[in-house]
Amino acid sequence: MADIIVLEKMNKFYGTYHALKDVNLTIAKGEKVVVCGPSGSGKSTMIRCINRLEEHDGGRIVVGGQELTDDEKKIDLVRREVGMVFQSFNLFPHMTVLENLTLAPRLVRKMATAEAEAIAMKYLSRVRIPDQAHKYPSQLSGGQQQRVAIARALCMNPEVMLFDEPTSALDPEMISEVLDVMTDLAREGMTMVCVTHEMGFARSVADRIVFMDQGEIVEVSTPAEFFAAPKSERARTFLGQILAH
Amino acid sequence: MSFDLSLIATSLPKILQGLGLTLNLLAVSTLFGLILAVGILLMRLSHRSWLVWPAKAYIYFFRGTPLLVQLFVIYHGLPQFGFIRQSVLWPILREPYWCSVIALSLNTAAYVSEILRGGVLGVDKGFVEAGKALGLSKFQRTTRITAPLAVRLALPAYSNEIVSMLKSTALASTVTLMEMTGVARTIVADTFAPYEIFIAATIIYLVLVWIIQTGFTLIETYANRHVRKT
Ligand SMILES: Nc1ncnc2c1ncn2[C@@H]1O[C@H](COP(=O)(O)OP(=O)(O)OP(=O)(O)O)[C@@H](O)[C@H]1O
Ligand SMILES: [Mg+2]
Chain A
0 MADIIVLEKM
10 NKFYGTYHAL
20 KDVNLTIAKG
30 EKVVVCGPSG
40 SGKSTMIRCI
50 NRLEEHDGGR
60 IVVGGQELTD
70 DEKKIDLVRR
80 EVGMVFQSFN
90 LFPHMTVLEN
100 LTLAPRLVRK
110 MATAEAEAIA
120 MKYLSRVRIP
130 DQAHKYPSQL
140 SGGQQQRVAI
150 ARALCMNPEV
160 MLFDEPTSAL
170 DPEMISEVLD
180 VMTDLAREGM
190 TMVCVTHEMG
200 FARSVADRIV
210 FMDQGEIVEV
220 STPAEFFAAP
230 KSERARTFLG
240 QILAH
Chain B
0 MSFDLSLIAT
10 SLPKILQGLG
20 LTLNLLAVST
30 LFGLILAVGI
40 LLMRLSHRSW
50 LVWPAKAYIY
60 FFRGTPLLVQ
70 LFVIYHGLPQ
80 FGFIRQSVLW
90 PILREPYWCS
100 VIALSLNTAA
110 YVSEILRGGV
120 LGVDKGFVEA
130 GKALGLSKFQ
140 RTTRITAPLA
150 VRLALPAYSN
160 EIVSMLKSTA
170 LASTVTLMEM
180 TGVARTIVAD
190 TFAPYEIFIA
200 ATIIYLVLVW
210 IIQTGFTLIE
220 TYANRHVRKT
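Protein chains in written order, with numbering that gives the first Met the number 0: chain A, 0 to 244; chain B, 0 to 229.
In isolation and in its complexed conformation, chain A is listed as follows (with noise of 0.2 Å):
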């Protein structure tokens, strides 16, 4: 299978802080990969290289077959192939949930309107919210303003789909619409990695577990593997935290 992102010595510095350190990873078309490791990290700083939010300082980063660089025309073209879901929606407050949607296919792809619409309604469908068309984003629950936010990445038609906590601002009656939706994106083949504490998600759906701590990657196993035995008392310790509650 083709290697859709591929992170070799990737290095990145705030001022003087080594926030990430030789990061090696590479994931192929299809997979699953699921993130975690305690607060601080860089598990955030490390997927938002890969959409370039953040610059890396050393070492490569290759997605789709394009070199993160200084060149804005790539970083473009990078950033319509790979969808981002935020901790905190970040949906538009101004536009309602159509025109959020509609935004990046008709100015970035150049769609009609009818045809970014259309689409739009398809992917509405799909999150499970098509009623919500026409109101703002401050008239939604949590839970349905992140399924409208995945739903208006998948509308660029994303490679791969990023997602940094998703579910870590919703209250837990919410939670789990949002991972269903996250699960059924996962069963129709999307290449997803996805920061996460939802050990139950992870076991169900990562295909590998990137558990990453002060900045480097510590172990990378399969969910049985992480879960049975983890390789790293680092690991040990934080699952041992995050089961306790």
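Derived from the structure by calculation, the hints contain no laboratory data. As the structure is a prediction and not an experimental result, all values here were calculated from the model. Take these hints with a grain of salt, some might be off.
With a Cα cut of at most 27 Å, we get these calculated DSS-like pairs of lysine-lysine [to be verified]:
(1) B:137 / A:72
(2) A:72 / B:131
(3) B:131 / A:73
(4) B:166 / A:109
(5) B:124 / A:134
(6) A:28 / A:73
(7) A:109 / B:131
(8) A:28 / A:8
(9) B:131 / A:20
(10) A:20 / A:8
(11) A:134 / A:109
(12) B:166 / A:72
(13) B:131 / A:8
(14) A:121 / B:13
(15) B:13 / A:109
(16) A:28 / A:134
(17) A:8 / A:230
(18) B:13 / B:166
(19) B:124 / B:137
(20) B:13 / B:55
(21) B:124 / A:73
(22) A:121 / A:134
(23) A:28 / B:131
(24) A:72 / A:8
(25) B:131 / A:134
(26) A:72 / A:28
(27) A:109 / A:121
(28) A:73 / A:8
(29) A:73 / B:137
Derived list of chain B stretches under chain A, where covered just means 3 residues or more per stretch with a C-beta under 8 Å from a C-beta of chain A [stated by the list, open to error]:
(30) 93–103
(31) 128–135
Just so you know, even glycine gets a beta-carbon here, dropped at the ideal spot from N, CA and C.
Could you slot chain B with the ligands onto chain A? The hints should help.
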């Protein structure tokens, strides 16, 4: 002290003859000021110091000196220079109307660019990142996300600035313009009744301010229709 209500009533229509010029000064200066403000804002927000620095200096100068002084420098000061009187700009710079418009526009531009900058800085970074992640270009992110959200945040402060501008148009009377305050001052000179005449002018200014404030409240309500009412 005697107080003549009927004098207020008879002077109202006379002062209203200056209303057109007052509104004209307000509208034209506000428009020029806004255009200039956007230019200064773009310089101020650029990451090139040779653009940032002049923008900062401009803002510092026009916010740091009295508008009346700026008006006098333009109207009384510039004509002292021969080259100004010989320049192509002289037909404009010798007109008190244009001097007033220039002073008001230059002054408000400094304030408005800062008001807009406050709006831009208030826009949540997350929305811009969502735009980036979707592949929108810098220009598209600016026009579709940052600008509309920044304008909404800046509206309350901007409405204050328009009210402030309305009052500033009165300074044009010091360079002979017959806007409302100018008219009021001539009537006072004829009647020696400053109290009644200026009360009449006050009433008109207050009505105008009320209209401006109500207008902006309507605009803000419309622009913020997406915000959930709690
Ligand atoms: N913009 C920034 N400037 C400076 N330091 C930063 C910045 N962003 C992140 N960091 C630092 O880099 C480290 C990694 O941050 P990151 O957000 O990637 O962690 P994380 O694993 O996603 O944590 P969390 O689980 O809390 O989201 C942290 O120590 C953080 O303080
Ligand atoms: Mg994070």
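How the hints compare with the structure:
1. Of the pairs offered as hints, the one joining residue 137 of chain B and residue 72 of chain A holds, with about 11 Å between alpha carbons and a cut-off of 27 Å not exceeded.
2. Distance check on the hinted pair: residue 72 of chain A and residue 131 of chain B sit about 12 Å apart at the alpha-carbon level, within 27 Å; holds.
3. A hinted pair counts as satisfied when its Cα atoms are at most 27 Å apart, and residue 131 of chain B with residue 73 of chain A qualifies at roughly 13 Å.
4. A C-alpha spacing of about 48 Å is found between residue 166 of chain B and residue 109 of chain A, which places the hinted pair above 27 Å, so the restraint is violated.
5. Between residue 124 of chain B and residue 134 of chain A the CA atoms are separated by roughly 23 Å; this keeps the pair inside 27 Å, and the hint holds.
6. For the given pair, residue 28 of chain A sits about 20 Å from residue 73 of chain A by alpha-carbon distance, which is consistent with the 27 Å threshold.
7. Straight-line distance between C-alpha atoms of residue 109 of chain A and residue 131 of chain B comes to about 16 Å, which keeps the hinted pair within the 27 Å bound.
8. Taken as a hint, the residue 28 of chain A and residue 8 of chain A pair is honoured in the structure, with Cα atoms around 21 Å apart against an allowance of 27 Å.
9. A threshold of 27 Å between alpha carbons decides the hint, and for residue 131 of chain B with residue 20 of chain A the separation of about 25 Å falls inside it, so the pair holds.
10. Of the pairs offered as hints, the one joining residue 20 of chain A and residue 8 of chain A holds, with about 8 Å between alpha carbons and a cut-off of 27 Å not exceeded.
11. A distance of roughly 24 Å separates the Cα atoms of residue 134 of chain A and residue 109 of chain A; the hinted pair therefore holds under the 27 Å criterion.
12. For the hint linking residue 166 of chain B to residue 72 of chain A, the alpha-carbon distance of about 49 Å lies beyond 27 Å, and the restraint is violated.
13. As the CA atoms of residue 131 of chain B and residue 8 of chain A are separated by approximately 25 Å, the hinted pair is consistent with the 27 Å bound.
14. For the hint pairing residue 121 of chain A with residue 13 of chain B, the CA-to-CA distance comes to about 65 Å; that exceeds 27 Å, so the pair is violated.
15. Between residue 13 of chain B and residue 109 of chain A the CA atoms are separated by roughly 58 Å; this puts the pair beyond 27 Å, and the hint is violated.
16. Restraint check for residue 28 of chain A and residue 134 of chain A: not satisfied, since their Cα atoms lie roughly 35 Å apart, outside the 27 Å limit.
17. With a C-alpha separation of about 22 Å, the suggested pairing of residue 8 of chain A with residue 230 of chain A holds against the 27 Å cut-off.
18. Between residue 13 of chain B and residue 166 of chain B the CA atoms are separated by roughly 19 Å; this keeps the pair inside 27 Å, and the hint holds.
19. For the hint pairing residue 124 of chain B with residue 137 of chain B, the CA-to-CA distance comes to about 14 Å; that is within 27 Å, so the pair holds.
20. A distance of roughly 43 Å separates the Cα atoms of residue 13 of chain B and residue 55 of chain B; the hinted pair therefore is violated under the 27 Å criterion.
21. This hinted pair checks out: residue 124 of chain B and residue 73 of chain A have alpha carbons roughly 22 Å apart, not beyond 27 Å.
22. For the given pair, residue 121 of chain A sits about 17 Å from residue 134 of chain A by alpha-carbon distance, which is consistent with the 27 Å threshold.
23. Pair hint residue 28 of chain A plus residue 131 of chain B holds up; C-alpha atoms about 23 Å apart against a cutoff of 27 Å.
24. Distance hint between residue 72 of chain A and residue 8 of chain A is fulfilled; the C-alpha atoms sit about 24 Å from each other, no more than 27 Å.
25. Taking the CA atoms of residue 131 of chain B and residue 134 of chain A, the gap is near 23 Å; set against the 27 Å cutoff, the hint holds.
26. Only pairs whose Cα atoms come within 27 Å are accepted, and residue 72 of chain A paired with residue 28 of chain A is accepted, the gap being roughly 23 Å.
27. This hinted pair checks out: residue 109 of chain A and residue 121 of chain A have alpha carbons roughly 18 Å apart, not beyond 27 Å.
28. This hinted pair checks out: residue 73 of chain A and residue 8 of chain A have alpha carbons roughly 21 Å apart, not beyond 27 Å.
29. For the hint linking residue 73 of chain A to residue 137 of chain B, the alpha-carbon distance of about 14 Å falls within 27 Å, and the restraint holds.
30. Restraint check on the stretch 93–103 of chain B versus chain A: 0 residues with Cβ-Cβ distances below 8 Å, three needed, restraint violated.
31. Figure legend: the stretch 128–135 of chain B, annotated as covered by chain A; annotation consistent (8 residues with Cβ-Cβ distances under 8 Å, at least 3 required).
Going through the hint list in order, the structure does not satisfy hints 4, 12, 14, 15, 16, 20, 30.
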